[in-house]
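**Q** Sequence:
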Amino acid sequence: MKLILLLAVSCLALHNGKGAPRTAVYKFVRCNPEGGKANCVTQQSAEMAWSPDLPAKLPASTAQYLEAEPGYEICREKRKERNKWMRSIQR
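Residue numbers (mature numbering (1 follows the signal peptide of the UniProt record, and there is no 0)): -19 to -1, 1 to 72.
Worth flagging that the hints you see were computed from the coordinates, not collected in a lab.
A hint or two may mislead.
Said to hold, decoys possible - Here are the simulated distance ranges between beta carbons:
1) Thr4 <-> Pro51: 11 to 21 Å
2) Ala(-12) <-> Ala44: 41 to 51 Å
3) Ile70 <-> Glu50: 47 to 57 Å
4) Lys61 <-> Ala41: 27 to 37 Å
5) Trp66 <-> Ala44: 22 to 32 Å
6) Ser32 <-> Arg11: 17 to 27 Å
7) Leu39 <-> Ala(-12): 39 to 49 Å
8) Glu28 <-> Leu(-8): 41 to 51 Å
9) Ala(-12) <-> Trp66: 35 to 45 Å
10) Glu48 <-> Leu(-17): 44 to 54 Å
11) Ala(-12) <-> Thr43: 41 to 51 Å
12) Lys38 <-> Ser(-10): 29 to 39 Å
13) Ala44 <-> Lys(-18): 29 to 39 Å
C-beta: ideal position from N, C-alpha, C; glycine also.
Let the hints inform the model, and build the full structure from the sequences given.
**A** Here it is, written out as structure tokens:
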């Protein structure tokens, strides 16, 4: 009985209470190969209201019609890499 109670309390404590997602974005990779390098950037669409009617995946041909910009996480990582590189050449 104590084990079941502990399990129930643990499950309730770990539940974040956020519920179902309310917004969605499509993420995809756009590449511009040049000189043996892929030059890929992760793009993401604008945030939209989530609906069960939204397809989980889009055909690649629809990416050209999305108003997309580089994903925030990717920009942040690229900025970190650039800053690290700048510090290394300043030494």
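**Q** Could you tell me whether the CB distance from Glu28 to Leu(-8) stays inside 41 to 51 Å?
**A** Taking Cβ atoms as reference, Glu28 and Leu(-8) lie about 30 Å apart, which means the hint is violated.
**Q** Given the range 29 to 39 Å, decide if the beta-carbon distance of Ala44 to Lys(-18) lies inside it.
**A** 54 Å, violated
**Q** Taking the Cβ atom of Lys61 and the Cβ atom of Ala41, is their distance within the range 27 to 37 Å?
**A** 29 Å, holds
**Q** Taking 17 to 27 Å as the stated bounds, is the beta-carbon spacing between Ser32 and Arg11 within them?
**A** For Ser32 and Arg11 the Cβ distance comes to about 25 Å; the hint holds.
**Q** Taking the CB of Thr4 and the CB of Pro51, does the distance hold inside 11 to 21 Å?
**A** 19 Å, holds
**Q** Given the hint of 22 to 32 Å, is the C-beta distance from Trp66 to Ala44 inside that range or not?
**A** 30 Å, holds
**Q** Has the hinted range 35 to 45 Å been met by the Cβ atoms of Ala(-12) and Trp66?
**A** Violated - the Cβ-Cβ distance for Ala(-12) and Trp66, about 51 Å, lies outside 35 to 45 Å.
**Q** Take the C-beta atom of Leu39 and the C-beta atom of Ala(-12), compute their distance, and say whether it sits inside 39 to 49 Å.
**A** At roughly 41 Å between Cβ atoms, Ala(-12) and Leu39 fall inside 39 to 49 Å, so the hint holds.
**Q** In this structure, is the beta-carbon distance linking Glu48 and Leu(-17) contained in 44 to 54 Å?
**A** Between Glu48 and Leu(-17), where Cβ atoms are some 53 Å apart, the hint holds.
**Q** Do the beta carbons of Ala(-12) and Ala44 sit within 41 to 51 Å of each other?
**A** The hinted range 41 to 51 Å holds for Ala(-12) and Ala44, with Cβ atoms some 46 Å apart.
**Q** Against the range 47 to 57 Å, how does the distance between the Cβ atoms of Ile70 and Glu50 compare: consistent or not?
**A** Check failed, 29 Å falls outside 47 to 57 Å.
**Q** Taking 41 to 51 Å as the stated bounds, is the beta-carbon spacing between Ala(-12) and Thr43 within them?
**A** 45 Å, holds
The structure shown violates the earlier hints numbered 3, 8, 9 and 13.
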